[in-house]
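Student: Listed below are the residues making up each chain.
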Amino acid sequence: MLDETKLTHGSASPFLPGTNLQWAWDSTSLGLFKTCPRLYEYVMIQGWSSKSESIHLTFGSAYHSALEAYSRSRAAGISHEDSIHDVIANLLRSTADWDVDVSTKPGKYKNRNTLLGLVLDYLDHFIDDPTETYIMSDGTPAVELSFRFELDWGPEGFDPMPSLPYLLCGHLDRVVSFNDQLFVMDHKTTTTAPGDYYFNQYQPNNQMTLYTIAGQVILNAPIRGVIISAAQILLEKPNRFIRGFTYRTPDEIDEWLLDLRLHLNLAESYAEAKYWPMNDTACNNYGGCKFRGICSKSPDVREMFLKADFEKKEPQDRWNPLKAR
Amino acid sequence: MNDLDELMSRDPMELSSQDIDSIIKYHRSLRARRAAGEKPTKPASASVNIDDIRDALVKKPASTFVRRF
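Sequences listed follow chains A and B, in order.
Position in the first sequence (from 1) plus 15 gives the number in my numbering.
Position in the second sequence (from 1) plus 18 gives the number in my numbering.
Keep in mind that the hints were calculated from the coordinates and are not lab data.
We put the beta carbon where it would ideally sit given N, CA and C, even for glycine.
Keep in mind that the hints are not guaranteed to be accurate.
Stated by the list, open to error - Stretch-level coverage of chain A by chain B, calculated; a stretch enters the list once three of its residues show a Cβ under 8 Å from a Cβ in chain B:
{"hint": "1", "stretch": "105-119"}
{"hint": "2", "stretch": "214-224"}
{"hint": "3", "stretch": "251-259"}
Claimed, not checked - Calculated cross-link-like contacts (lysine-lysine; reagent style PhoX-like; alpha-carbon spacing at most 20 Å):
{"hint": "4", "chain 1": "A", "residue 1": "Lys120", "chain 2": "A", "residue 2": "Lys305"}
{"hint": "5", "chain 1": "A", "residue 1": "Lys305", "chain 2": "A", "residue 2": "Lys327"}
{"hint": "6", "chain 1": "B", "residue 1": "Lys57", "chain 2": "A", "residue 2": "Lys123"}
{"hint": "7", "chain 1": "A", "residue 1": "Lys327", "chain 2": "A", "residue 2": "Lys338"}
{"hint": "8", "chain 1": "B", "residue 1": "Lys43", "chain 2": "A", "residue 2": "Lys252"}
{"hint": "9", "chain 1": "B", "residue 1": "Lys57", "chain 2": "A", "residue 2": "Lys120"}
{"hint": "10", "chain 1": "B", "residue 1": "Lys43", "chain 2": "B", "residue 2": "Lys57"}
{"hint": "11", "chain 1": "A", "residue 1": "Lys338", "chain 2": "A", "residue 2": "Lys322"}
{"hint": "12", "chain 1": "A", "residue 1": "Lys252", "chain 2": "B", "residue 2": "Lys57"}
{"hint": "13", "chain 1": "A", "residue 1": "Lys123", "chain 2": "A", "residue 2": "Lys252"}
{"hint": "14", "chain 1": "A", "residue 1": "Lys123", "chain 2": "A", "residue 2": "Lys203"}
{"hint": "15", "chain 1": "A", "residue 1": "Lys49", "chain 2": "A", "residue 2": "Lys120"}
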C-alpha cells in the first residue's frame, strides 16, 4: 500500500531563510554537492545554468511527461492507439515553441522530431509491457510521484542550530510490479549504447539508492531496487530500448545513509563558512564539468566569465527539490 | 520542405486529427525504413554545389620570408 502522505505538492524554498543551509535534498542537489561543492554553489546557491543544459532538461522533461500521460490514459481504459494519438497531439502542442539548433550535437539528437519518434517508438515497443504500473488506492496510476520524507536527524553543526529534520525529496517516474515484486522504474535517455558499461554506472549510484529508499518509505514495501528503462536515441537506426535492474541490499542502504549524514555535516560547515571548496579531481568527469572554463580562470575574474557564458536564474526558477511536478 | 516538415511547422492547435495520424504514420514508417537498413537522405539544403566552392576560392598570395637576424 502506497503511503500517500509522503507524496508532495507545491513548492517552498529548500534553504533555511537567510542562510545557504539546504534542508530539503534530492538526488540532483546531493549529487552536485558530492561531485564538487563549488559546482553545487554555482548551480544551487547562485543559480547559474547553461543553454545546452536546458536542451537536455527540456527534452527529458517532455519525454517523461509523455510517458506519464500515456500511463494515465491506459489506466483510464483508453486503447493503445487512442492514447498514442492524444499523447502525440499534446506533445506537438507543448513543444510548439521549441527553438532547437539542430546543427549542434545536442540539438541533432534532442529536438521535436526525435522526441516524437522516441515517444512513439517506446510506446509501440512496450505495447505488451511485462511490467505493470502500480495502481494507487484512489485508482490513479503510480507515475511521476513527487515524494518527500523526513530523516530522523537534522542539521547538527549549524549555529544557531535549527530544530527541524532534513527532508529527502524527488520524483519517481513510475512504480511497477514485475514478477510479483515492486520496483521503482526510472526512464533515461541516452545517445550511447546501453550495454553493461552503461548500466554499471548505476551501481553504486546516488540517485538509484535514494529512489530505492524512497520506494521503500512511500510504499512501505521491500522494494529491491530500480529498473532503469533506457532509451537510446539513434538517427540512422531505430531507437533502442533496454531495461536493466539495479538492486540495493539493506547494508548498502545503511552505508549510504551513514555517508549522507557526513556529507550533510560537511555542507553545514561550508554554509556556515560561506565557502564552497573546489574538488579539482572532478573537473574532467563525464566529458568535463560545464564550469571547468570558469574554474580555470583566476578567482577575481570568474564572476565576469560566468555572466558572459551562463545565465543566472531567478530564485523561483532555480532547481528546487521541493517543486512538485 | 517535405510533408512532415510542413505539418510540424503548422500551429499545433490547427492540426486536425488526420494530421496527427499522418505524423504518427510518418514516424512509424521512418522506423520501419531504418529497421530495413535504409539510410536517411540528406536535406536539399545540405547539398553542395562544387561550382560555388570553386568560385569562392581565392588564390592566396605567395609566402614571403623576412630575415630576422
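Student: Compare the structure with each hint and give your call.
Tutor: How the hints compare with the structure:
Chain B is given as covering the stretch 105-119 of chain A, and this holds because 3 residues of the stretch bring a CB closer than 8 Å to a CB of that chain, at least three being needed. Given a C-beta distance limit of less than 8 Å, the hint that chain B covers the stretch 214-224 of chain A is violated, as 0 residues qualify and 3 are needed. Closer than 8 Å: that is the beta-carbon criterion, and the stretch 251-259 of chain A has 4 residues meeting it against chain B, so the requirement of 3 holds. Between Lys120 (chain A) and Lys305 (chain A), the direct Cα distance comes to roughly 16 Å. Compliance with the 20 Å bound is thereby established for this hinted pair.
Distance check on the hinted pair: Lys305 (chain A) and Lys327 (chain A) sit about 14 Å apart at the alpha-carbon level, within 20 Å; holds. Our distance criterion of 20 Å between C-alpha atoms is met by Lys57 (chain B) and Lys123 (chain A), whose separation comes to about 16 Å. Straight-line distance between C-alpha atoms of Lys327 (chain A) and Lys338 (chain A) comes to about 19 Å, which keeps the hinted pair within the 20 Å bound. Between the alpha carbons of Lys43 (chain B) and Lys252 (chain A) the distance comes to roughly 17 Å, so the proposed pair stays at or under 20 Å and holds.
Proposed proximity of Lys57 (chain B) and Lys120 (chain A) is supported: the alpha carbons are some 19 Å apart, at most 20 Å. About 19 Å separates the Cα atoms of Lys43 (chain B) and Lys57 (chain B), which keeps this hinted pair within 20 Å; it holds. The hinted pair formed by Lys338 (chain A) and Lys322 (chain A) fails the criterion: a straight-line CA distance of about 26 Å is larger than 20 Å. About 8 Å separates the Cα atoms of Lys252 (chain A) and Lys57 (chain B), which keeps this hinted pair within 20 Å; it holds.
Our distance criterion of 20 Å between C-alpha atoms is met by Lys123 (chain A) and Lys252 (chain A), whose separation comes to about 14 Å. For the proposed pair Lys123 (chain A) and Lys203 (chain A), the alpha carbon gap of about 18 Å is at most 20 Å, so the pair holds. Distance check on the hinted pair: Lys49 (chain A) and Lys120 (chain A) sit about 28 Å apart at the alpha-carbon level, beyond 20 Å; violated.
Going through the hint list in order, the structure does not satisfy hints 2, 11, 15.
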